[in-house]
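Visitor: Dock the two chains into a complex; use the hints.
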Amino acid sequence: MNILVCVKRVPDTGARMEIAPGEKAIETRNLGFTISPHEECAVEEAVRLIEKLGGSATVLSLGPPDVEDQLRDSMARGIDRAILLETDGSEWDPGQTASAIVEAIRMREKQGNRFDLFLFGNESADSGDYQVGIRVAHALDVPCVTGIKRLEVQGEKVVARRESATGWEIYEVMLPAVVTVKEGLNLPRHPSLRGTMTARKKPVERLQPNRAPVGLELLRLKLPSEQGAGAEMLGQGKEAAPRIVAVLEELGVL
Amino acid sequence: MVLAFIDHDRGTSNLVCLQMLTFGRQLAETLGVPLQALLIGCDAAGLRDDLHRYGVSQVHVVKHPWLEDYAPEAWAKCVAQVIKSLRPKVVLAASTERGNEVLAHVAALTGLPMATNCMEVNTGPPFQVLRQRWGSSLLEEAELHGDPKLATIAPHVIEAKEGKTCAEASLETFSPILEEKDLRVRVTAREETQSEGVDLRTASVVVGGGRGVGSEEGFRTLEELAGLLGGTVGGSRVATNNGWRPHSHQIGLTGNRIAPNLYIACGISGAIQHLVGCKGAKHVMVINKDSGAPFFRRADYGVVGDLHEIVPALISEIRKKKSA
Chain A
1 MNILVCVKRV PDTGARMEIA PGEKAIETRN LGFTISPHEE CAVEEAVRLI EKLGGSATVL
61 SLGPPDVEDQ LRDSMARGID RAILLETDGS EWDPGQTASA IVEAIRMREK QGNRFDLFLF
121 GNESADSGDY QVGIRVAHAL DVPCVTGIKR LEVQGEKVVA RRESATGWEI YEVMLPAVVT
181 VKEGLNLPRH PSLRGTMTAR KKPVERLQPN RAPVGLELLR LKLPSEQGAG AEMLGQGKEA
241 APRIVAVLEE LGVL
Chain B
1 MVLAFIDHDR GTSNLVCLQM LTFGRQLAET LGVPLQALLI GCDAAGLRDD LHRYGVSQVH
61 VVKHPWLEDY APEAWAKCVA QVIKSLRPKV VLAASTERGN EVLAHVAALT GLPMATNCME
121 VNTGPPFQVL RQRWGSSLLE EAELHGDPKL ATIAPHVIEA KEGKTCAEAS LETFSPILEE
181 KDLRVRVTAR EETQSEGVDL RTASVVVGGG RGVGSEEGFR TLEELAGLLG GTVGGSRVAT
241 NNGWRPHSHQ IGLTGNRIAP NLYIACGISG AIQHLVGCKG AKHVMVINKD SGAPFFRRAD
301 YGVVGDLHEI VPALISEIRK KKSA
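Residue numbers (the numbering used here), protein chains in the order written: chain A, 1 to 254; chain B, 1 to 324.
The reader is advised that the hints may include incorrect statements.
[To be verified] Derived DEER-like restraints, expressed as beta-carbon distance ranges:
id: 1; chain 1: B; residue 1: 282; chain 2: A; residue 2: 224; range: 16 to 26 Å
id: 2; chain 1: A; residue 1: 25; chain 2: B; residue 2: 319; range: 47 to 57 Å
id: 3; chain 1: B; residue 1: 223; chain 2: A; residue 2: 1; range: 39 to 49 Å
id: 4; chain 1: A; residue 1: 12; chain 2: B; residue 2: 215; range: 21 to 31 Å
[What the hints assert, rightly or not] Chain A regions said to be covered by chain B (calculated; three or more residues, Cβ under 8 Å):
id: 5; region: 13 to 21
id: 6; region: 127 to 138
id: 7; region: 145 to 158
id: 8; region: 181 to 189
FYI, nobody ran anything at the bench for these hints, they're computed from the structure. Computed from a predicted structure; not experimentally measured. Where a beta carbon is used, it is the ideal one built from N, C-alpha and C, also for glycine.
Excised from the complex, chain B in its bound form (with noise of 0.2 Å):
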């Protein structure tokens, strides 16, 4: 079997995880095999109907009392006990915060290899994956030793759809053997923090600046500019590691991935861990005064110029066309 582990955050499942069941079904097709869910800690009904829409012909829903909230390394205890009762041939995660964490506690506890962040599965054998690296900037193809395969599935490498189910899926119970040692890492506590303005990861307009803004306040006019077209202000590595925004701005490899309509990338000259961050917007305007940034060939319009001369004449013109 193809077993898909559900991360979850207190009974709700994230678009990554659907993504990758719908891999895993494809997967348990390509090998003759069932693919079966295992679902911790949490009242599975909401999750159950999701699951089989997609393809589970069985649920495995691990309950203790113990399992409340989040605690990876029990998480992980019950996962690797699921597997030595059940014997799958394949144990898939989404490539989440949380897949990766206990699907790597997983593989301490077994002892196993793990493939993170995979593309494409080839059962073989051998059992090879193509997986990303650099953020998806560069490609790897490995082979996956150890039995059963541990991997995490890429986001968004594979669109979320439902399969055909052929029966209700049925749900079993499994009860986990658990020390007060497991739960030694958990959520003990939560801060809800109000967001202010737009949020970058959601906004429709992202005006990003780069080193080529200067300085702290050279974002001011960035910010103008934002404000005008109902969007937020986000910043390349470059601008958060000067501190001229704070590093929650940060687009990028180790910041945000945006997905705006539309993106203006002020001064940056688009190094491929930036370029990670903002793949997903729909359109992309580089405005930057060195007409060979690499940024330009990977763009959808361009303008070469200061940006301090531009963004300003942009805002003038702009007001003029609101006030007209």
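So here's chain A without its partners, still in its complex pose (with noise of 0.2 Å):
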């Protein structure tokens, strides 16, 4: 089984964003990042299913040069090999992003390198454009599952399945396929140190993708008006429990 896993850097925002000079990227300058969350799922199943079934998994990301940190994590949880497809750092549309994955797939496909499974998160959690997965399979014509929380592989076969408002709708599509999933598919494990310092060694391809024309264009970020006047304070500790209840009664939960 050769897996091939997209994953994208994201901020770790914390409580509050700021916007950076420029308006087109929030301040990152006390911040740290992160795989975006389904990503981390995704990482975590390609792992699983080599460990089960055989074969390797590759990670790749589009970004600037800083996302060797992502990907040197992801082969710190057991991915075997990384590909960089490097940026400046600026935004690349879903359309973008899209074409450059496809074209530095094809390019492995040429030197004999075919993937039978492509991972990839259901949605960023930044950008939130629920389209990258999707114009990939487009492009290779493989079938595409969207918002899965449970995978397995069997034989040539997909079988996965999405929550729906009352239980489960269940996919089964032949390999090779694109899958997107969604956090919840399974709990990621931390990288060991051991890992860790694997992975330092583990290799990773760096490669400069062509830029398409883009579609959908930022213009500029913005904060959200903020509401609330914030909290009306009850009191400190247990000492504060009749008024909590106070507000209970009030509130008509009680």
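Guide: Structure follows, in structure tokens:
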């Protein structure tokens, strides 16, 4: 089984965001970075699949050279190698991102390296475009199932489950296939010390992708207006209990 | 025309779709063009009246024996064929799972760009959208290229309102050309799950726990409190990532969006990803030992202190009231 996992580096935002000068990005001077949550589960799933079925897993990301941190982190969790599609850090729209990924996959295929399964996050935490995996699937002419929270490979087939309002929808597609996943698919492991050590020696291939014409052009970012004047403080510690109860009665929940 | 793609599950549509229709009607008025709707694969009778009341002048029903149940690639191929024949200026869908999925397939098939989670559209030229990022914690102004424009409308950015209906909505049947391959992705089976207890998404009281709860056992007192208030328990991403709660109980950007009358957040600092999940709560009470926790700024009521002392004290106070 040969798996490609595509991940996106996003800032670890915490409690509030600020817009950076130029209005095209959020201020990240004091922020760490992480992999978008859905994709963290995609990485974990890829590692579990190759542990069970054998084969190898490659992680790919498009972004500035620093994305190497997130690629090493994925390799520390058990991914074998990485592809970094290097950009200047400016925002690539979902169409541009998808075509750069497709270009990299085709290059691999020309070298005789074919993937059986392509894993993506259902949508990225920051821009939430819901389309990169789908666009890649169309370009490669392979089936695509999205929003998956349970995944099973049975021979040449993938059985995937998507949550619905009342239970599960079950999809079955033949490999090769694109599967976009959601957090909850699994509980991602933390990288082990040994994993982190070996990840340093694993190969990262750097490519300079071509940038397709823009389709969704970011003009500026802004923060929504903040509502709320702050909390009415009911007191400190357990002495506040009677006042909390009074509020509960006021709100009609008691 | 503005063409609205109606996502539905075996003939049942959703509120976000009606909001999108309201949005589409206003957009069509601005452009001076009609609003038409596209329904795939179901007997339109049930939805047709709804669509008409929301100001749709014409409903295009795509019929084909293979379109009984949901099949995203086949549905998108139908939409692409309808677009080719009707040449709409704008194609809208609701930003729901199916709305986003089908329109993304349409975008891929047609090579068009697509903007998801839009809140506003400025027809220009240039055609601009205001869209949500980070689950609406950040907004983006963007120019949407391509023709027609493909956009999905974010949930709850507009109230669903019926519009004036001039004449009866006419019904047009569209017969798509499909190949077997288009059906390679489809719902092949379903499993209905019986939910136990109170549903997080519809509960009237939710007690949430985060890092401050500290362990799986720590959630027991929260369970007890929720039980006394007829509510249920949820967790922050920290709580689910540590395995203290199952992921299905997560409140936040990558979990559930809740809308209770009261949300009691215990030991949760208030990261934006969590706030997105509880934005729909009418009242928010925050219990946190850090008086500087950002959540206090977004709450209605606050208590500073250790939840492991406050919650048990609150439980005994409630029991006293109840037995009195």
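Visitor: The structure should be examined with respect to each hint, and the outcome stated for every one.
Guide: Outcome of the hint check:
{"no.": "1", "hint": "B:282 / A:224: 16 to 26 Å", "in the structure": "19 Å, holds"}
{"no.": "2", "hint": "A:25 / B:319: 47 to 57 Å", "in the structure": "52 Å, holds"}
{"no.": "3", "hint": "B:223 / A:1: 39 to 49 Å", "in the structure": "41 Å, holds"}
{"no.": "4", "hint": "A:12 / B:215: 21 to 31 Å", "in the structure": "24 Å, holds"}
{"no.": "5", "hint": "13 to 21", "in the structure": "holds (count 5)"}
{"no.": "6", "hint": "127 to 138", "in the structure": "holds (count 9)"}
{"no.": "7", "hint": "145 to 158", "in the structure": "holds (count 3)"}
{"no.": "8", "hint": "181 to 189", "in the structure": "holds (count 5)"}
Violated hints: none; the structure is consistent with every hint.
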